[in-house]
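Please construct the entire structure, taking both the sequences and the accompanying hints into account.
Keeping their order, the protein sequence lines are chains F, H and V.
For the first sequence, my numbering assigns the number 1 to the initial residue and increments by one for each residue that follows.
For the second sequence, my numbering assigns the number 1001 to the initial residue and increments by one for each residue that follows.
For the third sequence, my numbering assigns the number 2001 to the initial residue and increments by one for each residue that follows.
Quick caveat, the hints were computed from the structure, so don't treat them as lab data.
Take the hints with a grain of salt, since some may be wrong.
The calculated lysine-lysine pairs, modelled on PhoX-like cross-linking and capped at a C-alpha distance of 25 Å, are [as the list claims (entries may be wrong)]:
1. V:K2080 <-> F:K128
2. F:K103 <-> V:K2435
3. H:K1196 <-> H:K1324
4. F:K128 <-> F:K149
5. V:K2317 <-> H:K1048
6. V:K2435 <-> F:K7
7. F:K128 <-> V:K2435
8. V:K2364 <-> F:K12
9. V:K2359 <-> F:K12
10. H:K1049 <-> V:K2317
11. H:K1213 <-> V:K2317
12. F:K149 <-> V:K2435
13. F:K12 <-> V:K2435
14. V:K2458 <-> F:K128
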Amino acid sequence: MNALSVKNLCLKFGDWTLEVSIELAAGRCLGIIGPSGAGKSTLLSLIAGFETPYSGDIFIDAQSINDLEPSHRPLTFMFQENNLFNHLTLYENIALGCHPGLKLSQVDQHQIEIALSATELSSIATRKPSDVSGGERQRAALARCLCQKQPLLLLDEPFASLDPRLRSQMHQLVNVLRKQHGLTVLVVSHMPHEVAHIADELLFMQDGKIKEHGDPDQLLENPIHPQLINYLEFTANR
Amino acid sequence: MKTPKLLTALICGVCLSAAESVYAETSTLTVYTYSSFTSEWGPGPLIKKAYETRCQCNLKFVGLEDGAALLSRLKLEGNRTSADVILGLDTSLIAEAQATELLAPHGVNTANINLAVTWSDSYFLPYDFGYFGFVYDSERIQALPKTLRDLMLNPDSPQVIIQDPRTSTPGLGLILWARKVFGDDDISAWETFASKIVTVTKGWSEAYGLFLKSEAPMVLSYTTSPAYHRHIENSERYRVAMFDDGHYQQVEVIARLANSKNPTLAQNFLKFMLSDDVQKILPTTNWMLPAVKTGQPLPEAFKESEIPKVILDFTPEEVSTNRKNWIKRWLGAVAK
Amino acid sequence: MRVLSGMWSGIAVVVFLLIVIGGSITLTAMTSTSVSLSSALADPYLIGVIRFTIGQAVLSTVISVGLALIVTRALARRSKFPGRRLLISLMGLPVVMPVIVAIFGITAVFGKSGLLNQLLSLFGMEQSFTVYGLTGILLAHTFFNLPLTIRLLLPAWESISRENWRLASMLGMSSRQLFRLLEWPSISDRLPGICLIVFLLCFTSFAVVLTLGGGPAATTIEVAIYQALRYDFELSQAALLAFLQLSLCTVAALGLLKWFRVFAATSGRKVDASDRPDIHSTTGKAIDVFCIGICAIFLLLPIAMIFYSGIRGPIYKVISDPILWLASGRSLIIAILATVISMLLAMGLIKSVRFLREKTKQQKGAELALTIGSMTVAIPPMVIGTGFFLIALRTHTLAHATLIMIALVNAVMVLPYLIRSISPPYIQAGEQYYKLCRHLGLSGLQRFRLIDWPIIRKPTAFAVGLGGALSFGDMGVAALFDTDGQVTLPVMLYHQLGAYQFDEASVTAVFLLLLCVAFFWAINQIIGR
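Listed below in structure tokens is the structure:
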């Protein structure tokens, strides 16, 4: 049984069409790469419920989630930015993952403490997002995702704005946490080689379609699809 | 913090309206008047106190913005009005008030009424009167115009502030006054006078306030205005220019409503307004002259020399028919 | 159906406003015989009035907003100087002043015997400055609207992030480039809404135009409406004129609608202008000091003169009058009621507008709804008041509803201030956190309490404080209904004036202004913190 199953998902924006099917086993991490406008973020938005598909079905643990509100879907999401409310402290932002009204039980508080220490934020939990670094902000967002306790984690280029060292630290953190919590992960990235470090499988999209899907090393070493070859050459030269 | 405030406000609102309705169940005489009549400096509170001890009833004043607001309220309400008595229309509004057919004859003996002309109207009773006049600052004016003709036509006459006839009673009064003095020539008089007008205000308060702030040495007001400064401030600085060619008269009247639930009470109140008790307080509270001889002399502040010798007025019907046209003519002459 | 469920509050408010606006005009019109629009428009007097009304409103708007842009920029560039907060607070005063008090203050400075002419006479120029005329109208309208515009514009400037300033200084942008590339984009989306409010306020101006305009040539449509309603008792003429005024204002609003733009989301980082590259030059400093100084003198001198004459008045006599305190209490109740009603109306409308933008990406529809909320300024309070009066009369609720009606009319009149202040940050917050809120399941009251409220509380405090203070100092509406012996503070002020008590009135005026300030301050303490 697959943790995530996307069947013939279709969305149209004018001439542009997205058509995708994905099967992902529990505990696996799928990296999604491709040029801008390929539909990577749109795919995540569809899974998270921010966009409504034209047709097709999405299943998580064999349950159809098509008719669920975004907040009721068994997944968590990290955006590229605006992951935190600027007027709330890091602690409050993380606590929102436990209870959207900030009514916290003992168990919740304990849970937050664990998430804080896992992301090494305990000492600065009372600060506001504007008073901490970009890496700390994204760690806090990750901590909130942990508190939401959902099996599926969607990452929409959340570390793109961080420097390479921080980025690789964050990737390691994700790797550790997903193994600890048994998370299934979808991560969108425009840096094929970096995402290959945490991904169990890699998927290349262009023009709203999946062009290639396979083992990360194999996909990067021996690309078959001409568009992927082209894309990899371009990213390598940058 | 917001909820308690809202609650307090609501409770206060409910209490206020509840208090009003309790009030209404005892025998109450409702009098519509203009609001400065009922203010703490006006005659209203004194009259209320005196009348309530006498009649064993409640006297309820409903204060509206001015005489015109009074009439328009009456017209809006028509037969549904809760007024028993309407107090404070002036002679320029009488004809239109009469036309509403909401009023009842007063049925009061008018023999005591002491106006320049014999009062014969059977619906309206005059309770006080005054004259429009130009008040000046004696520290700033030496050469005084002797007539309205002089003021309006002489190139050396002082600058003045007047009120707009479209929005105020004295403003309309001046139109009528000039019409009396100049007749059909009022247009050219206004055209000459226009250069002397500093500004035309919405109401009396703006005009008189600007005058006191020395924006002009002269202002359109009432001949009784200096009496106030003498009586209250002990000052002779502000005086009125008495004109040989006359002053326009303003008479304030009271009437009762035809479908009043307390007709006797209403009629008694009309009589009471003409009694000595009320008449003697009017000069120093309403700053108008009593319509009935009170037996006692006017307060010292009111000088005999400030009572006009020549009195001008139109009949209410003349005012009612011509008012709009005359204002339009005035606009044509002054607005350029 | 899901779209409808988020829209009901806005639909309710829009319907309510349309009923209030249309209903009061219709009811007023139905009460007497009809007159035709064509015959009214053939009247050369009325044509002149319309032309003058539009002309002075356009001029006043251009001057007020133009000057406000200059001064606000100076204030934004000098984000720290001693007395800045006090100065900005004092700028709230002209807006809430009863018109007659402002007229006395303005003439004390610019009038024939005012400070300016006294100064000029020192140089041998006797009474050489005349305020009465178009000058006076423009001066007064600038006095009222310049500070309001500054208060509404300043947040737009402050929404530019520190990173943007640093970027600009790195790129070596000149002051002019800064304005064109950074400042203008962030203020231009608010400008049409602000222009509309100022235009409507000037368009419907009445006593100021009449008194400082110097003569009947300065007549606005509002004067004609007052005349028709009050002295001619031609209700249908009044309704017709009100309809005409509303139509002209609607045309102006729709014209501006074209320029309304999507609110751009901002970073929401710390506000600080110290990273601006153009604040260190000496010329820049000199210009800012000059602009702020002139503006401060222009606004504060008349206020100072009002306080000066109040201090010289019989303070004890006025303060010890119990009626003054009763009147203050009644005014306070009206202010609070009006504020609460207005807040409910504004939130109902803005909530749906944001919903509309989030769900359907309907930008124009959203702006249209906000514009309807702003149009209430274009209806003469006299006409709304008369409409409400007729409704109360027919439903036999007149005796109980006076206070509510006064509050209701005031609430409708101050609605535009609330909408213009609250909607930008509220909609911005929605845009920025829309996905996150949906993802976390934050909705309804929870979303409001945790996310929206902290973001809008400051602008809300400003608008509510302003609206409350305006209702507190309101004279026009309260005077429409019977006062029944219980007066409000502004009505008491008019009573004093009517009873020759000009010295007492100047004390009351200062007392009223201080209470307005206290109200404004208290609201900001309670909800603005």
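Comparing the hints with the structure gives:
For the suggested pair K2080 of chain V and K128 of chain F, the alpha carbons sit about 23 Å apart, so the restraint of at most 25 Å is met. For the given pair, K103 of chain F sits about 22 Å from K2435 of chain V by alpha-carbon distance, which is consistent with the 25 Å threshold. The suggested pairing of K1196 of chain H with K1324 of chain H holds, with an alpha-carbon distance near 24 Å, which does not exceed 25 Å. For the suggested pair K128 of chain F and K149 of chain F, the alpha carbons sit about 23 Å apart, so the restraint of at most 25 Å is met.
As the CA atoms of K2317 of chain V and K1048 of chain H are separated by approximately 23 Å, the hinted pair is consistent with the 25 Å bound. The suggested pairing of K2435 of chain V with K7 of chain F holds, with an alpha-carbon distance near 24 Å, which does not exceed 25 Å. Only pairs whose Cα atoms come within 25 Å are accepted, and K128 of chain F paired with K2435 of chain V is accepted, the gap being roughly 20 Å. For a cut-off of 25 Å, the pair hint linking K2364 of chain V to K12 of chain F stands: about 24 Å separates their Cα positions.
Among the hinted pairs, K2359 of chain V with K12 of chain F is consistent with the structure: their alpha-carbon atoms are about 17 Å apart, no more than 25 Å. About 23 Å separates the Cα atoms of K1049 of chain H and K2317 of chain V, which keeps this hinted pair within 25 Å; it holds. Under the criterion of a C-alpha separation no larger than 25 Å, the hint pairing K1213 of chain H with K2317 of chain V is consistent with the structure, at around 22 Å. The suggested pairing of K149 of chain F with K2435 of chain V holds, with an alpha-carbon distance near 19 Å, which does not exceed 25 Å.
Of the supplied pair hints, the one linking K12 of chain F and K2435 of chain V holds, its CA atoms being roughly 20 Å apart against a limit of 25 Å. For the proposed pair K2458 of chain V and K128 of chain F, the alpha carbon gap of about 18 Å is at most 25 Å, so the pair holds.
Violated hints for the displayed structure: none, as all numbered hints are satisfied.
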